[in-house]
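Let chain A serve as the given structure and place chain B on it in line with the hints.
Residue-level listing of the chains:
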Amino acid sequence: MEHQALTHPQSVAPMRSRRSLSPTARAWFFLSPSMLFLGVLIAASLLVLRMSVGTKGAEWSGFSLASYGQLLEPYYLKSLLLTLRLALISAVIAVLLAIPVAYTMSRLASPLLRRVFLAAVLLPLLVNLLLQSYGWLVILGPAGMLNQALIGLGLIKRPIMLLYNQNGVLMGLVQTAFPLAVLPIASAMRGVARSYEEAAATLGASRFQVFRQVVLPMSLPGIITGATLVFAYNASSFVVPLLLGGRRVPMLAVMVHDQIAPLMNWPAASAAGVVLIVTTLLIMTLSEYFTGRRRRMLEASQ
Amino acid sequence: MTGLILENVEKHYGTACAVRDVNLHLPEGKLVCFLGPSGCGKTTLLRMIAGLESLSGGEIRLDGEDIGHTPAHLRNFGMVFQSLALFPHMTVGENIAYPLKLRGVGKAEQQARVVELLELIQLQAMIDRPVAKLSGGQRQRVAIARAIAARPKILLLDEPLSALDAKLRESMQVEIRQLQQRLNITTILVTHDQREAMTMADIVVVLGEHRVQQVGTPIEIYRHPANEFVADFIGSGNIFPATTLGNGRVGLPGGDTLEVPASHSVIVGEKIKLLVRPEDLQLSSPQATAGNRLLGKVTFVRDIGATVETTVECSGVSFTALNTPCQGMDLGIGQAVSVTIPAQACRLLSA
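Sequences listed follow chains A and B, in order.
Just so we're aligned: the first sequence equals residues 22 to 323 in the working numbering.
Just so we're aligned: the second sequence equals residues 4 to 354 in the working numbering.
Simulated from the structure, these hints should not be mistaken for laboratory data.
Backbone N, C-alpha and C define an ideal beta-carbon position, used for all residues, glycine too.
Each statement offered as a hint is correct.
For the chain A half of the interface with chain B, some residues (derived, Cβ under 7 Å), not all of them:
(1) A222
(2) L224
(3) G225
Away from chain B, derived, C-beta distances all over 10 Å, residues of chain A:
(4) G75
(5) G78
(6) L103
(7) L105
(8) V159
(9) G173
(10) R179
(11) N186
(12) A253
(13) R269
(14) V275
(15) V295
(16) I298
(17) M305
(18) G313
Just chain A, with the same shape it has in the complex (with noise of 0.2 Å):
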């Protein structure tokens, strides 16, 4: 056929117009919709890139770098600071929390039992963010209900502020970034052929042995996408930090926000803003440099 289509190729034009498309075409045309969408995203990043380096007032024709220079103020770096610490602790925390859950749920037996864990884990992604935050200030707040219930038993005469602090923010972080560190761990951790836990058994590891030499090693990948999830998900948080952190915690996207609505500074917000993206996309990369080998390796043998 090949042969024939060299040194014939008028013979071969029939069958191509039968089939109208070509799979490459017929990929295309598929991926159209979504191409489409991630178009306009990118061109929204696009202008946003064009407007970091423009002057307020004059976004589309003026050019200065001043923005950038304003962030390297005190004020900003600590905020840029405050985002990655936060996010990367977040990450931390949630990864750890999620370890035992996701084992436990690779290891569901019953489908029905699983399918109740799944839903219950990914809640938190059903639940609207600001209901979820106003639940935090309902239970934890100054006048919330643990404050009314120790001050109720005579444990305590003033509130103790469990939020409008970096702590309180932390675990609305967590909490609400919780089922994208499960769900990868827990596939990763399914991965995992019970034979390799019973092989690691039969040669004399303890339970916690198997846990920690075989199953945890064996889903690290799952591990780090994970915690890469949960990082760039709370590295442009907002809705937490604003309403659990009450302004006394200015991650970078609350920061983003104030410069437009009431300062309409919109080259300071952009500059904020590719210098967030362009942090995490680093990170990301770092950590898929620093894991991809082991990845590979493990995705080699499968």
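For chain B alone, coordinates are given in the frame of chain A:
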């Protein structure tokens, strides 16, 4: 008593029974094969010995000590899984060293043992390779090296060769058997492949319908099957109904009679099953029925090159005779032929 002893071992899942009343003695240094069709409970039994399944009843004793409820990681048995389960996040050397590391063996000693084992399986150059880079046969050997690294008391093999192609499987059978004899390690092999069992085992335990059907050497199992299940499962056989007539004779459905080895436990008039192996049947040009020579008609010929299987119908039953091509008689379907069934080739099985 030394060796591994199973006493009244049972396994139930709810009301379903997976293993029923197993009593076995596995002597030291022997290779014992659990042979049976799929779903007969052989893997469950092996997993109970390994400590991966709990016992529903009975006892497992090793050198007099009850180990039936010892957790798997304290039994010091090496096991090779059907999937091999080599750890993909470790190199070949790390895989083999893993059981040593768990036992707190020093780094230098670990290294020495790994090198020794790699020499044994002739994969010295592979020590730092990731497991994924090995071929099927190499993985097989690494899995065995890992299982024996900590000098286990018993080696358990759960259909370890089933993933290999036929040719490699045959050579690995010989290799594992030689290794086992060299190390003199008590080994249990689970398989559904009777050729594998015949090649490798000192003792074959035939399992069927969740219980032990027969225990014996491979030849005993083949030549003297204890019942119809074993006769049917091991090798190909002609099994057909017959009636005992006394005086060492049995009657066939078609009315002919055969001389069989005298058996004192047979009652006259009893319905029994008769087993004759295809290779014991002799075909000859048609002659009148006399003694153990019956007259029949060819109904099918299967010439597969190395052997010729001829199916002959006579006296109301179908026999298959196995010959080499040079013994062949060039028979065609429908031709008349005489079949001689030597008396000593007949095995009487209770129906």
